[in-house]
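Order-wise, the sequence lines are chains D and E. Here the first sequence is numbered in our numbering, starting from 1 and rising by one per residue. Here the second sequence is numbered in our numbering, starting from 1 and rising by one per residue.
Take these hints with a grain of salt, some might be off.
To be verified - Some chain D residues close to chain E (C-beta under 8 angstroms, calculated; not the full set): (1) THR556; (2) ARG616; (3) LEU696.
The set of hints was computed from the structure by calculation and includes no laboratory data. In this text, all values refer to a predicted model and were calculated from it rather than measured experimentally. We treat Cβ as the ideally placed atom computed from N, Cα and C, and that holds for glycine.
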Amino acid sequence: MLALLALHLALAFLAPAAGARLGRNVFLLVALAPAVSAVWAGAQAAAVLDGRPPVQTTAWVPGLGLSLDLRMDALSLLMVILVSGIGTLVFLYCARYFPADQAGVGRFAGVLTAFAGAMLGLVLADDLILLYVFWELTSVTSWLLIGFDDEDAESRRAAQQALLVTALGGLTMLVGFVLIAQQAGTASLSAILAEPPTGGTVAVALLLVLVGAFTKSAQVPFHPWLPSAMAAPTPVSAYLHAAAMVKAGIYLVARLAPAFAVIGLWRPVVITVGLATMLVGGWRALRQDDLKRLLAFGTVSQLGFLMVLLGAGTREAALAGAALLLAHGLFKATLFLTVGVIDHSTGSRNLRELSGVGRRMPVLAVAATLAALSMAGVPPLLGFISKEAAYEAFLHGSGPDLVVFAVLFLGSVLTAAYSARFLWGAFVAKPGVAPTEVHTPSPGLLAPVVVLGAAGLLLGLAPQGADPLVQAYADSYGMPPEVEHLALWHGLTAALGWSALTLLLGAALFARREPVLSMQRRAGRVLGLVDAGRSYASTLTLLDRLALRVTVLVQTGSLPVYLGTVLVTVVVLPGSALLLATQITGDLRAWDRPLQAVVAVVITVAAVATARAHRRFTAVLTIGAVGYGIAVLFVLQGGPDLALTQFLIETLTLVLFMFVLRRLPANFTRQSMRTGQGVRLAISLAVGTFVTAAVLVSGQARTAPPASQAYLDQSLPDGGGRNVVNVVLVDFRGFDTLGEITVLVVAAMGIASLVLAGRSRRSPRAEGETSLTAATGQALDEPGTPAPERVG
Amino acid sequence: MTGNLTLALTVGALYTAGTFLLLQRTLTRVVLGLGLLAHGANLLLLQAGGVAGSVPFVGKQDGPSGAGTADPLPQAMVLTAIVITFGVSAFLLALAYRSWVLTGEDDVQDDVEDRRVARRQDQP
Chain D
1 MLALLALHLA LAFLAPAAGA RLGRNVFLLV ALAPAVSAVW AGAQAAAVLD
51 GRPPVQTTAW VPGLGLSLDL RMDALSLLMV ILVSGIGTLV FLYCARYFPA
101 DQAGVGRFAG VLTAFAGAML GLVLADDLIL LYVFWELTSV TSWLLIGFDD
151 EDAESRRAAQ QALLVTALGG LTMLVGFVLI AQQAGTASLS AILAEPPTGG
201 TVAVALLLVL VGAFTKSAQV PFHPWLPSAM AAPTPVSAYL HAAAMVKAGI
251 YLVARLAPAF AVIGLWRPVV ITVGLATMLV GGWRALRQDD LKRLLAFGTV
301 SQLGFLMVLL GAGTREAALA GAALLLAHGL FKATLFLTVG VIDHSTGSRN
351 LRELSGVGRR MPVLAVAATL AALSMAGVPP LLGFISKEAA YEAFLHGSGP
401 DLVVFAVLFL GSVLTAAYSA RFLWGAFVAK PGVAPTEVHT PSPGLLAPVV
451 VLGAAGLLLG LAPQGADPLV QAYADSYGMP PEVEHLALWH GLTAALGWSA
501 LTLLLGAALF ARREPVLSMQ RRAGRVLGLV DAGRSYASTL TLLDRLALRV
551 TVLVQTGSLP VYLGTVLVTV VVLPGSALLL ATQITGDLRA WDRPLQAVVA
601 VVITVAAVAT ARAHRRFTAV LTIGAVGYGI AVLFVLQGGP DLALTQFLIE
651 TLTLVLFMFV LRRLPANFTR QSMRTGQGVR LAISLAVGTF VTAAVLVSGQ
701 ARTAPPASQA YLDQSLPDGG GRNVVNVVLV DFRGFDTLGE ITVLVVAAMG
751 IASLVLAGRS RRSPRAEGET SLTAATGQAL DEPGTPAPER VG
Chain E
1 MTGNLTLALT VGALYTAGTF LLLQRTLTRV VLGLGLLAHG ANLLLLQAGG
51 VAGSVPFVGK QDGPSGAGTA DPLPQAMVLT AIVITFGVSA FLLALAYRSW
101 VLTGEDDVQD DVEDRRVARR QDQP
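The shape of chain D in the complex, shown without the other chains (with noise of 0.2 angstroms):
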């Protein structure tokens, strides 16, 4: 299995070089790796349907518990043969639907590839942590994929609605993997149905991978991302947004629904939402006048019919949502791919345009119908015998299974109306609208579409086909006394009184559909306010306005703010837990010599003054006094050759400071001293309290002797020098001094080049002009005479 996937991802980064060279035929190449999987998968089918589904485990990240496990059982198969087998037939399909000269093929056959192999391994997972990454990999292809005319604003904006979605439910869907798999004491997803944890954790949990599914699957409030992907190009709504991507969210449903179905509220919650969307879906494919549109608004509702019936927890609702599974990716798949032929075939989609395609086009005609009627639930095929066996899973239950009974048979009522609304916009002869010109398809176009519609009738001919598949994947429920079994006729059953109903309800709507319309749109003027699509738009706007706001509060672009910020946080944070945490208890001495204290008076009338000085150099000769004060306290402590040092240095500053301030002006700025002086004070109060503190709660902190005395005791032998200090420096310490040298010289050059970078420039005029002081509208003066009116 690892190998198939493997093939997917080389034939994936192969396809953008070969696409340069074969154009459009790169579809051929490519279609070899669903192709395998599918020809692999029907290999192993006897094998999965016995109960001895394939395992393979990879270690990945053993230290994190993370593995490639992989497993393909009942319900993997049904899905590989939908990813791969259907996924074949799109392949094929996209080598004639593209121009010749299509640009940006070879990387457009990449990604498709790239996003086959993702949602292969999405379906044979069994570690959730696995099954997230591929399920995030379907969102980044798809978002790619849905992008693929990126000069297109529109499709732009509609890629990034459907990574928005689904990115935001695949995170939250994490969180209750983490969540369930911490509850269970292990990731893997077989070994977690074997044995589902329970409680409160999970319950909620479970929510939160609905939410995934949810947003996966365009369920409402999240569904109006699916009809806006349809800025896609036509194979990938066929592919992603019929047969593949959105199913994973009903793959995952229907994974869990087993186990966990009757554990808090997954049921009323998964119900309620599927019935909503199949009403909202189906409700708004009747106003559509893009086929791929109307199309999109019934993959929403088919979604949320599937939801409900993949969900429900039951046996019998599990088989009729499997076989619907199956139906609606094989009829779903045909008539996208129909309107692809169509629309490259005519230049248009639009229902009030085209007019007597099908007469032009009986072929594809035929086969659109066979899917169209499997659709909307007509005998003989696969979407009647599913539909049956959903009615027959709600019709005998009590109150609450007949109010989803009553809803379902409502949103196929508005199935049966909008398919037959298809097939009339697609290709009936309208009155008062000229005939379609139609560029004759070739058959490389045709035959996928054939092949699918085909497939539907086949099945529902002889149901037998799905149905050991279907059983074995209801099995999972357990095996209950009497099988039901998939089958085109179960006698006069009260179901099949509901499906003929349902036809003729649906037919009457269609019939009445120009009146429909205008109550829609009167309907849609009250029901705008709570339009999907228009509040994802405000969340959007709100977001950008927030995320502004953060910026101008945080990134306020003042070093004095920013340095604030910090300040606070280390007196609040550290601050508190001082506080809090300890109390200083030992006996505190005043001073080790007296002469400390009458140096520590001087320093701090030095160290005021510098900071309230006006005058520049009154503040370097203040500062020099605290410099000097320190260097006798270094004395007094016992350090002379720090003291040493620090007259040195201290010298050395002063005239440095000198240097620079000959040519600044005289005073601080004005109005730079005033303005938040009261903050900046408090600020430095609270700081000095806190380090003052901090002083003497950590000099009571010691708990170990010194480390210096091995210092003191190895210096002469060691280090054959007296001087304790000297000897750390440049023999126990040394290299720690070979980078302080490296830091002076670093700072030297650095120096250099900021006073000599004005000099060298300074005499051709002309070209003088630095880019940085044409930014600054200032011309670059000498730098010995100031500018005016700092004068003073």
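Model the placement of chain E on the given structure of chain D, informed by the hints.
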């Protein structure tokens, strides 16, 4: 271990004055503030070595209060710190000088881009 109240208070005073200057807009004052902070930090390191003692020389034990030898390790650290502070101050001074050469002032201005972002908020 006990604390030296005088030194602790001096460290606090240096940090207060240093922080106050660090929060100013004038680059020269920021450099001065950094200098005061460095003095404070050096003193902090030094007092962490404990009670004042005699010079850490092998074979010299004539501390005035008989407290023993002063801890050599903080001294070595402070020595390094003094020199590095000098390098940093010199570099910052050069920056201040350069800023003055280019713009005629050594005040740190707000970031132009950020002010532009702030203006966007006022627009509808």
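Index of numbered hints that the structure contradicts, given in increasing order: Hint check: nothing fails, all pass.
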